[in-house]
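**Q** What follows is the residue order along each chain.
2 protein chains.
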Amino acid sequence: MSALIKGNVIVGQSGGPTAVINSSLAGVYKTAIDRGANKVYGMLHGVQGLLEERVVDMSEHIKSDLDIDLLKRTPSSFLGSCRYKLPEIRDNTEIYDRIFGILDKLEIRYFFYIGGNDSMDTIKKLSDYAILNGSPIRFMGVPKTIDNDLAVTDHTPGFGSAAKYIASITKEVIRDGLVYDQESVTLLEIMGRNAGWLTGAAALATGEDCEGPDMLFLPEITFDVDHFMKKVTDLQKVKKSVVVAISEGVKVADGRYVCELTDNIDYVDAFGHRQLTGTSRYLAGRISREMGCKTRAIEFNSLQRCASHIVGRVDITEAFQVGGAAVKAAFEGETGKMIILKRVSDDPYICVTDIYDVHKIANVEKTVPREWINEAGDYVTQDFVNYVRPLIQAELTPIMVDGLPRHLRLEDA
Amino acid sequence: MSALIKGNVIVGQSGGPTAVINSSLAGVYKTAIDRGANKVYGMLHGVQGLLEERVVDMSEHIKSDLDIDLLKRTPSSFLGSCRYKLPEIRDNTEIYDRIFGILDKLEIRYFFYIGGNDSMDTIKKLSDYAILNGSPIRFMGVPKTIDNDLAVTDHTPGFGSAAKYIASITKEVIRDGLVYDQESVTLLEIMGRNAGWLTGAAALATGEDCEGPDMLFLPEITFDVDHFMKKVTDLQKVKKSVVVAISEGVKVADGRYVCELTDNIDYVDAFGHRQLTGTSRYLAGRISREMGCKTRAIEFNSLQRCASHIVGRVDITEAFQVGGAAVKAAFEGETGKMIILKRVSDDPYICVTDIYDVHKIANVEKTVPREWINEAGDYVTQDFVNYVRPLIQAELTPIMVDGLPRHLRLEDA
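The listed protein sequences correspond, in order, to chains E and R.
Counted the way my numbering counts, the first sequence spans residues 1 to 413.
Counted the way my numbering counts, the second sequence spans residues 1 to 413.
Careful, some of the hints might be misleading.
What the hints assert, rightly or not - As a list, the in silico BS3-like pairs of lysine-lysine whose alpha-carbon atoms are at most 25 Å apart:
1. LYS85(E) with LYS240(R)
2. LYS30(R) with LYS63(R)
3. LYS230(R) with LYS294(R)
4. LYS328(R) with LYS360(R)
5. LYS85(R) with LYS240(E)
6. LYS342(R) with LYS30(R)
7. LYS85(E) with LYS294(R)
8. LYS294(E) with LYS85(R)
9. LYS105(R) with LYS30(R)
10. LYS230(E) with LYS251(E)
11. LYS39(E) with LYS328(E)
12. LYS105(E) with LYS6(E)
These are calculated hints, taken from the structure and not from any lab test.
Turn these sequences into a full structure, and let the hints guide you.
**A** Dropping the structure here:
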């Protein structure tokens, strides 16, 4: 096998991290080495770092099987990430010439990019440019995103662990909400600007030992604050502790985000943009003032994308697999493709990898289908739950050292 | 042994829960049964529920060894909790007569209360009243609180797991903060109104694979916003991702909480009181406006007291032990005491239980000693770390069912 592989490999990570994004990196690295790659480079901070020739030789940082297992369990993007969109090829060939010049200097033949929609756009453009200019370099996309909003693939690695984390802590917070014998409303604010997959995952808390959240509000459904207030008021009449999960991305009819309804401007970013946070606080304030009961606004925050202490084994295994499958496909001659996951069966859960034209994936956003949300628009259906349930199964124990999960740090390795 | 035990046992939980408070409940229940107790009652929502005669027969809800192990791993107070302070005996004997009337009706001889400062006040008053009135009922306190602010005892069960959770997610968030190649400041808001034990625990994230938080601000030290801004600005010059942990309870020189400095009044409780949250958001807003860099405000929120998916085994074991030790002591004749933990050695960690007069514990708040905070007032010392480190050691795996941690619910059992 190794005789077939000419040239070096480079891999990068792009966009927001997931708890298992480094398992895909491990999958790319290990499979490339096992299949005879000469050098495997990592680009620091994705294409943005590549443009500054900031690359590392991965073998200098991953030296043992233990390092591979630590890498899989390390949160955040090991190589660093970026949010960098390449221009259209027709608008600016200079930047492409620079990238290909750097790749040629490193004798790269295989380029892997682990990311979501924007990253697949990068793979699309680079593979197009290679074909247009007769470059032999092959470009493959490796899917990841907690948001699960990539098209064609059944789901994306990273989503399962985020869903497992959300369902687990939703169970804990629901139990916590029952501690005092008093009326209370708890609002759980969950990530997902346009797609409600993660908010819907809170429904998985429901089971023999947990009554689950009372309502779920996904960004796919227009949010009506008055209707919401009435529903919460009605619920409070029949149960003391009301727990509602709500997407950070819910919008009212005029198109504004709920978090933009507040007059508070405490928290704007460097460009003066208000950050997309505060939905639960705004609604908690309304409930507190209008209903007079105790409220709690709990933002599940960045932990949704970095809680590697409670990853799912199905998810982290699939994350590794898509990395390995991308290497296999590229080494066998594919380019301009992304690895997808194809579900053969829900129960027993069977899922295989396949390859798919990245042109049909890049820049397409997959939201929760309307038929997987109930008619009232405040919960997901059993079909939704059946779809997510297999993806949160099983655990991969953290490697605990001196009481804490151990990670692999680029500087250390 | 069983021949010695006359009458029934009752146990209650009071104050805020911890991730391991039910391990103490399991310790009381199992030890009482093993030592020949007839009936073990649980009061629902502590003394407040007892006054309404809301009690359950625990053996109807804990039927197997599996139930015991599920109970230990269940977050929130299994029996429900309350925040109820008994009046001084001299001011109102009627309420005491009612309580003792109910206890006599249930043929109670042993009363256990799992809680913090306020709960120990309850034990103190009830045991005093028993002695004053010749009641044979024995009253014992079982310590718990994530805040670690109980006097005399080396530490309190519940603190270790909260510290382990905080240190673990601090590691994850620090790693997450490095993902983009840009300047950013992350503020971690940690529980503890008057005592900085939990905020200090974020320092434990520091290790071979983690640089740790850059600064820690405990409520024991008066907070100076301008000084804070200058320190953050200086730090940002030497490192891109600055991470600061700050107690929700930090106050400025005039006595106001930092979260009270904001003009925002979105979020008041039923009594018009502003909730003690928003410290990190206020400071993030200042940093964002004045420094112009990306900021994140992350509230560690209720998960600090209910993240039973990552409890410490030292902690959950000690929580069980203090419950058992309270039963043993009461059965041997003690009353008006609390179980304390006495550390024999840091390394190897050796800790034993003892009993102590509850009069000297109730209503006393133990804060972090000044000498365990550095001179600048923005970090803890190595002595602090050495004190906490043994308490976060080892793990107790959750019992995972269908992908999620399984709990024991009172209604189910």
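**Q** Run every hint past the structure and note whether it holds.
**A** Verification of the hints:
1. At roughly 22 Å between alpha-carbon atoms, LYS85(E) and LYS240(R) fall within 25 Å of each other, so this suggested pair holds.
2. For the given pair, LYS30(R) sits about 11 Å from LYS63(R) by alpha-carbon distance, which is consistent with the 25 Å threshold.
3. Distance restraint check for LYS230(R) and LYS294(R): the Cα-Cα separation of roughly 17 Å lies within the 25 Å cut-off, and the hinted pair is therefore satisfied.
4. Only pairs whose Cα atoms come within 25 Å are accepted, and LYS328(R) paired with LYS360(R) is accepted, the gap being roughly 21 Å.
5. A distance of roughly 22 Å separates the Cα atoms of LYS85(R) and LYS240(E); the hinted pair therefore holds under the 25 Å criterion.
6. A C-alpha spacing of about 23 Å is found between LYS342(R) and LYS30(R), which places the hinted pair at or below 25 Å, so the restraint holds.
7. With a C-alpha separation of about 20 Å, the suggested pair LYS85(E) and LYS294(R) falls inside the 25 Å cut-off, and the hint holds.
8. Our distance criterion of 25 Å between C-alpha atoms is met by LYS294(E) and LYS85(R), whose separation comes to about 20 Å.
9. Restraint check for LYS105(R) and LYS30(R): the C-alpha separation of about 23 Å stays at or below 25 Å, so the hint holds.
10. For the hint pairing LYS230(E) with LYS251(E), the CA-to-CA distance comes to about 18 Å; that is within 25 Å, so the pair holds.
11. Simply put, LYS39(E) and LYS328(E) have alpha-carbon atoms about 16 Å apart, close enough for the 25 Å limit, and the pair holds.
12. In summary, the hint linking LYS105(E) to LYS6(E) is supported, as the alpha carbons are separated by about 14 Å, within the 25 Å threshold.
Violated hints are absent here; each numbered hint is respected by the structure.
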